[in-house]
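Q: Go by the hints and put chain B onto chain A.
Quick mapping for you: the protein sequence lines, in order, are chains A and B.
Going by the UniProt record's numbering, the final residue of the first sequence carries number 215, and the count climbs one at a time with no gaps.
Going by the UniProt record's numbering, the final residue of the second sequence carries number 215, and the count climbs one at a time with no gaps.
There could be a bad hint or two in this list.
Said to hold, decoys possible - On the chain B side, residues computed to face chain A include the following (Cβ under 10 Å):
#1 Leu49
#2 Tyr82
#3 Arg84
#4 Asn92
#5 Gly97
#6 Tyr98
#7 Ser112
#8 Pro114
#9 Cys129
#10 Val143
#11 Leu145
#12 Glu183
No wet-lab data here; the hints were simulated from the structure.
Beta carbons are placed, not taken as given, at the ideal position from N, Cα and C, and that holds for glycine.
There are 2 protein chains.
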Amino acid sequence: MPFHYPNGKLYLNDAKDNPKKQPKNQEVRFDNRGMSLEEEINESNRYYLAHDIAVVYKKPLPIQIVKVDYPKRSAAVIKEAYFRKPSTTDYNGVYKGYYLDFEAKETKNKASFPLKNFHQHQIEHMRHCLRQDGICFVIIRFVSLKRLFVYPATPLIRAWDTQETVQGRKSIPLKTIETEGFEIHYALNPLIPYLSAVEQLIHYLESRKGVHYGN
Amino acid sequence: MPFHYPNGKLYLNDAKDNPKKQPKNQEVRFDNRGMSLEEEINESNRYYLAHDIAVVYKKPLPIQIVKVDYPKRSAAVIKEAYFRKPSTTDYNGVYKGYYLDFEAKETKNKASFPLKNFHQHQIEHMRHCLRQDGICFVIIRFVSLKRLFVYPATPLIRAWDTQETVQGRKSIPLKTIETEGFEIHYALNPLIPYLSAVEQLIHYLESRKGVHYGN
Numbered sequence: 001m002p003f004h005y006p007n008g009k010l011y012l013n014d015a016k017d018n019p020k021k022q023p024k025n026q027e028v029r030f031d032n033r034g035m036s037l038e039e040e041i042n043e044s045n046r047y048y049l050a051h052d053i054a055v056v057y058k059k060p061l062p063i064q065i066v067k068v069d070y071p072k073r074s075a076a077v078i079k080e081a082y083f084r085k086p087s088t089t090d091y092n093g094v095y096k097g098y099y100l101d102f103e104a105k106e107t108k109n110k111a112s113f114p115l116k117n118f119h120q121h122q123i124e125h126m127r128h129c130l131r132q133d134g135i136c137f138v139i140i141r142f143v144s145l146k147r148l149f150v151y152p153a154t155p156l157i158r159a160w161d162t163q164e165t166v167q168g169r170k171s172i173p174l175k176t177i178e179t180e181g182f183e184i185h186y187a188l189n190p191l192i193p194y195l196s197a198v199e200q201l202i203h204y205l206e207s208r209k210g211v212h213y214g215n
Numbered sequence: 001m002p003f004h005y006p007n008g009k010l011y012l013n014d015a016k017d018n019p020k021k022q023p024k025n026q027e028v029r030f031d032n033r034g035m036s037l038e039e040e041i042n043e044s045n046r047y048y049l050a051h052d053i054a055v056v057y058k059k060p061l062p063i064q065i066v067k068v069d070y071p072k073r074s075a076a077v078i079k080e081a082y083f084r085k086p087s088t089t090d091y092n093g094v095y096k097g098y099y100l101d102f103e104a105k106e107t108k109n110k111a112s113f114p115l116k117n118f119h120q121h122q123i124e125h126m127r128h129c130l131r132q133d134g135i136c137f138v139i140i141r142f143v144s145l146k147r148l149f150v151y152p153a154t155p156l157i158r159a160w161d162t163q164e165t166v167q168g169r170k171s172i173p174l175k176t177i178e179t180e181g182f183e184i185h186y187a188l189n190p191l192i193p194y195l196s197a198v199e200q201l202i203h204y205l206e207s208r209k210g211v212h213y214g215n
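Only chain A is shown next, with the shape it has when bound in the complex:
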């Protein structure tokens, strides 16, 4: 039996009862499943965890809590709090004994990735983790190109450090990312199979162990 609102309008409790909404949802899903890059990575991480492939989490936002109410018989309510600047990157975890540490960033640009997407503290954190032999990178999405890359921290930090110099640039050209990065192709399970690109990065890093420049 169909239900109606007091104004007589039909109540639709399911998308399948609503022919207008359905095609639009499907269309969005075809593009990027209607999810943000963060949600897509979180979903991929849940897949990796459930299949014992890796343990990776997004870190919670750091919050400065000022005031908390403890109402009787219900959960504590934070009534005043402020966002704090994170000291690290957003994601970390463990994969086959390797420490993984990364950021996820998107751009609407088509030819390059602007460095202004990063903050100094993220670069410094990656620098520290690299010194401890962590596997550090950024997952970059070119939104309009629908292309995704794992781009290693080492060339990213090099670009960051030289951006103010004469030869420096404020962005990393797509061509450079294609050469130095590892492309990820959207899949079903997981949605963003970034670990296959990370696996290539690990092989690359292992193959260069003991190779030093300048000394």
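A: Only chain B this time, still in chain A's reference frame:
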């Protein structure tokens, strides 16, 4: 010039102006520097980071944000939020290429460490990390004994899994922790040099690689 409150009481803006408070503070500092175990570990982590020894952070508390105000010309204020249950342990990071993952717990008991200090989700998280060859443990402080240990996740999980059985116990005896764990001795820099105990744990784990039971 001394300041006074409207009621005539002297305003003391510094502990050194307040002879009553000073000795008490010093007394607390002698025991455990007046810091919680968490603060002591955070301070040790800052030392390790500053000296490029390891990169370890405590994860922020996960918060469900419901309402945020954006006042003009000042920082966003969170006006309603709730604490969420964490899915992981409190600390993780990287040390010489090893993924570290741990909890910090204290007990006032003198003879054993009660398992009720742990939650199921923390045990499950450690189980997942161990399968990825992470270095997982708990830093246990026996408050009244002033003793600290790094206790590995493997015997902890074994004790957790068998606590309901006939041979099982609801706590881990201190003697067992002395045998299977690695004692940490308070120092100056860092306050809790837990990485030397972790180093012993890593050597122990490496020495047993390839040793399997039951097959």
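Q: If a hint holds in the structure, say so; if it does not, say that too.
A: Each hint, compared with the structure:
Checking Leu49 (chain B) against chain A: minimum C-beta separation of about 6 Å stays under 10 Å; hint holds. Annotation: Tyr82 (chain B) was flagged as interfacial toward chain A, and the flag holds, the nearest CB pair being 6 Å apart, inside 10 Å. For Arg84 (chain B), the interface hint holds, since its Cβ comes within 10 Å of a Cβ in chain A; the closest pair sits about 8 Å apart. Look at Asn92 (chain B): its Cβ gets to within about 6 Å of chain A, closer than 10 Å, so that hint holds up.
Residue-level restraint check for Gly97 (chain B) holds (minimum Cβ-Cβ distance to chain A is 3 Å; threshold 10 Å). Checking Tyr98 (chain B) against chain A: minimum C-beta separation of about 7 Å stays under 10 Å; hint holds. This hint is violated: Ser112 (chain B) has a C-beta 30 Å from the nearest C-beta of chain A, more than the 10 Å allowed. A distance limit of 10 Å between C-beta atoms decides the matter here; for Pro114 (chain B) the minimum to chain A is near 24 Å, and the interface restraint is violated.
Interface hint at Cys129 (chain B): satisfied, since its Cβ lies 5 Å from the closest Cβ of chain A, which is below the 10 Å cut-off. About 25 Å separates the beta-carbon of Val143 (chain B) from the nearest beta-carbon of chain A, more than 10 Å, and the hint is not met. Against a cut-off of 10 Å between C-beta atoms, the interface hint on Leu145 (chain B) is violated, since the closest Cβ of chain A lies about 32 Å away. Hint status for Glu183 (chain B) relative to chain A: violated, with the closest Cβ pair at about 25 Å, above 10 Å.
Comparing the model with each numbered hint stated earlier shows that hints 7, 8, 10, 11, 12 do not hold.
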